[in-house]
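Here is how the chains run, residue by residue.
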Amino acid sequence: MDDDLISKKELLEITGISYGQLYRWKRKILIPEDWFIRKSSYTGQETFFPRHKIIARVDKIINMKDDLSLDELADVFSPNAGETSLRSTELIERNIVSSMTLDLYVEIQGKQDDFTFDNILCIYILEKLLKSGELSRDEGVMLVRTMEEHYGKLAGKNGELVLIRKMGVSTLFLTESADQMYFDTGVKWVIRLPLATSIEELKLKMNEREE
Amino acid sequence: MKMSGFRSDSTQLKDLRITGNGSSGGGQYDKVKILGDSVIHGDVKCNLFKCTGTVSVEGFLESGNVGCQGNMKVLQGLQGQEVSIQGELDVIGDVSVQTLKVNGEIRVEGHLNAEKLKGQGSLNISGDCQGEEVIIRGSLDVANMLNGEVVEIKLYGPSRAREIGGGKITITKAMTIPFIGKYSPGAYGAMQADSIEGDEIHLENTKAAVVRGRNVYIGSGCEIGLVEYKNEYKQDQGAVVVQYNRI
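Sequence order for the protein chains is Z and U.
Counting in this note's numbering, the first sequence runs from 1298 upward without gaps.
Counting in this note's numbering, the second sequence runs from 10 upward without gaps.
Don't take every hint at face value.
On the chain Z side, residues computed to face chain U include the following (Cβ under 10 Å) [as the list claims (entries may be wrong)]: (1) Lys1305; (2) Lys1306; (3) Leu1309; (4) Glu1310; (5) Ser1315; (6) Tyr1316; (7) Gln1318; (8) Tyr1320; (9) Lys1323; (10) Arg1324; (11) Gln1342; (12) Glu1343.
What follows is a list of derived Cβ distance ranges for each label pair [what the hints assert, rightly or not]: (13) U:Lys82 - Z:Ile1311: 44 to 50 Å; (14) U:Lys239 - Z:Arg1335: 20 to 26 Å; (15) Z:Thr1443 - U:Val251: 54 to 60 Å; (16) U:Gly45 - Z:Ala1353: 52 to 58 Å; (17) Z:Gly1453 - U:Ala152: 22 to 28 Å; (18) U:Thr28 - Z:Glu1473: 50 to 56 Å; (19) Z:Asp1410 - U:Thr28: 49 to 55 Å; (20) Z:Ser1337 - U:Tyr253: 18 to 24 Å; (21) U:Thr28 - Z:Gln1342: 27 to 33 Å; (22) U:Asp245 - Z:Glu1473: 28 to 34 Å; (23) U:Asp245 - Z:Trp1486: 56 to 62 Å; (24) Z:Gly1453 - U:Gly247: 48 to 54 Å; (25) U:Lys239 - Z:Met1397: 49 to 55 Å; (26) U:Lys82 - Z:Asn1455: 33 to 39 Å.
Just so you know, these hints were derived from the structure itself, not from any lab.
Remember, predicted model here, so these are calculated numbers, not experimental data.
Each residue gets a CB set at the ideal place from its N, CA and C atoms; glycine is no exception.
Generate coordinates for the entire structure from the input sequences, incorporating the hints supplied.
In structure tokens, the structure reads:
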């Protein structure tokens, strides 16, 4: 899926940004280092990017850079967990997750007063997948248990969440990358969710009301 | 008693002073002052680190301000606010500082990240060199990428960077008053790079395969394979440019 690359020159043409901006964003780590793919071409070395990812990212930066400083933006795009922890009432009041999802989470994990960013991320993903109808309630339980037990090991990396089903039996797992994974024909991919995207969404959502 | 590790309690921090030859296990201090020759076996965290003479930190150094007249060696990375070195700085690991001023030599086996970097002398970096303001008078060797909002290099010796990118990039040759024997070889140096990309580019004595920018000036002594520009392009008569295109 990452075979579709765009050259730096083409990127600047399409998005209208300048070299100065691109390098500034690279310095601030708004664009991750591993998106810069160096390949040889007739002029020597050229830099390419994963097309869809970089265009989406540049659009986001352009749209948000008036409201947030570059450092704040860098924080939004960083795969590292935010520092914040919130109380359950805040989660509901600030409309970050619905009370139904939160109740389900509490039912599984037990009652707690403060929710860390990782907890909130778990609830947020749970809500997102339940709402989209891709996840059943039982699978939701699986999701919470898996996330709570193993997410810490992926923290700071760009992990993915995968749900596969075979003959009505589902398996859910977290992996650093699901790019190279092949199953027998009976297996159906149900969900493949890059965690970084959800982290971004969540951080934006949590930032919204903080001003 | 050997002191090592960081104390996390908020009691008043002590100072570490070494005069003459000495060593320490490292730790957390308010001020570290070294006069003479010393080795610190371990990580150091402090508000002020001052050395006159030679110091080797065999660990990670995290400090507010760092001042050194002489030689300083850090074996596992350096993080600080204002770092000012007169002499030599040698770091294995990444360097991440607000301001770095060097009169002399810097060698970094890793990445160098500084909000403001001002160097007179030579810079040798095995990874990337990044900063909002990178101002160098002397020679420069960056194995990967030199990335800065403002990059100003005055060439006093042979310099090299794989890629240079940023907002405003100015590379000029040193004044023609010969510094006899001071900077060798040659009276003034030259820059060599695979690619140079920026908004405003002004080059002299530079060899590069590709130069891309909005406004590009290629001055005397340059040898460029391909120039791509957006707005404006000027070329000195003493420059060799194989091909240039407006894009």
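For each hint, the structure was consulted:
Interface hint at Lys1305 (chain Z): satisfied, since its Cβ lies 8 Å from the closest Cβ of chain U, which is below the 10 Å cut-off. Hint status for Lys1306 (chain Z): holds, given a least beta-carbon distance of 7 Å to chain U, under 10 Å. Restraint check, Leu1309 (chain Z) versus chain U: the minimum CB separation of about 9 Å is within 10 Å; hint holds. The beta carbon of Glu1310 (chain Z) comes within 8 Å of a beta carbon in chain U, closer than 10 Å, and the hint placing it at the interface holds.
Restraint check, Ser1315 (chain Z) versus chain U: the minimum CB separation of about 5 Å is within 10 Å; hint holds. Given hint, Tyr1316 (chain Z) at the interface with chain U, holds; its Cβ is 5 Å from that chain's nearest Cβ, closer than 10 Å. At a threshold of 10 Å, the smallest CB-CB gap from Gln1318 (chain Z) to chain U is about 8 Å, leaving the interface hint in force. This hint holds: Tyr1320 (chain Z) has a C-beta 4 Å from the nearest C-beta of chain U, less than the 10 Å allowed.
Interface restraint check for Lys1323 (chain Z): the shortest CB-CB distance to chain U comes to about 6 Å, inside 10 Å, so the restraint holds. Among the interface hints, the one on Arg1324 (chain Z) holds; its C-beta lies about 5 Å from the nearest C-beta in chain U, closer than the 10 Å criterion. Annotation: interface hint on Gln1342 (chain Z) holds; nearest CB of chain U at approximately 6 Å, less than 10 Å. For Glu1343 (chain Z), the interface hint holds, since its Cβ comes within 10 Å of a Cβ in chain U; the closest pair sits about 9 Å apart.
At roughly 47 Å, the beta-carbon separation of Lys82 (chain U) and Ile1311 (chain Z) lies within the given 44 to 50 Å, and the hint holds. For the pair Lys239 (chain U) and Arg1335 (chain Z), the beta carbons lie near 23 Å from each other, so the given range of 20 to 26 Å is met. The hinted range of 54 to 60 Å is satisfied by Thr1443 (chain Z) and Val251 (chain U), whose Cβ atoms lie roughly 58 Å apart. Our hint of 52 to 58 Å for Gly45 (chain U) and Ala1353 (chain Z) holds, since their Cβ atoms are close to 57 Å apart.
A hinted range of 22 to 28 Å for the beta carbons of Gly1453 (chain Z) and Ala152 (chain U) is consistent with their spacing of about 26 Å. Between Thr28 (chain U) and Glu1473 (chain Z) the beta carbon distance is about 51 Å. The supplied range of 50 to 56 Å therefore holds. Checked against the hint of 49 to 55 Å, the pair Asp1410 (chain Z) and Thr28 (chain U) passes, with Cβ atoms roughly 53 Å apart. Judged by the Cβ atoms, the range 18 to 24 Å given for Ser1337 (chain Z) and Tyr253 (chain U) holds: they are separated by roughly 22 Å.
Our hint of 27 to 33 Å for Thr28 (chain U) and Gln1342 (chain Z) is violated, since their Cβ atoms are close to 52 Å apart. A hinted range of 28 to 34 Å is violated for the C-beta pair Asp245 (chain U) and Glu1473 (chain Z), which are about 51 Å apart. For Asp245 (chain U) and Trp1486 (chain Z), the Cβ-Cβ distance of about 59 Å falls inside the hinted range of 56 to 62 Å, so the restraint holds. Evaluation of the 48 to 54 Å hint for Gly1453 (chain Z) and Gly247 (chain U) yields a pass: the beta carbon distance comes to about 51 Å.
For Lys239 (chain U) and Met1397 (chain Z), the Cβ-Cβ distance of about 53 Å falls inside the hinted range of 49 to 55 Å, so the restraint holds. Under the hint 33 to 39 Å, the C-beta atoms of Lys82 (chain U) and Asn1455 (chain Z), about 36 Å apart, fit the expected range.
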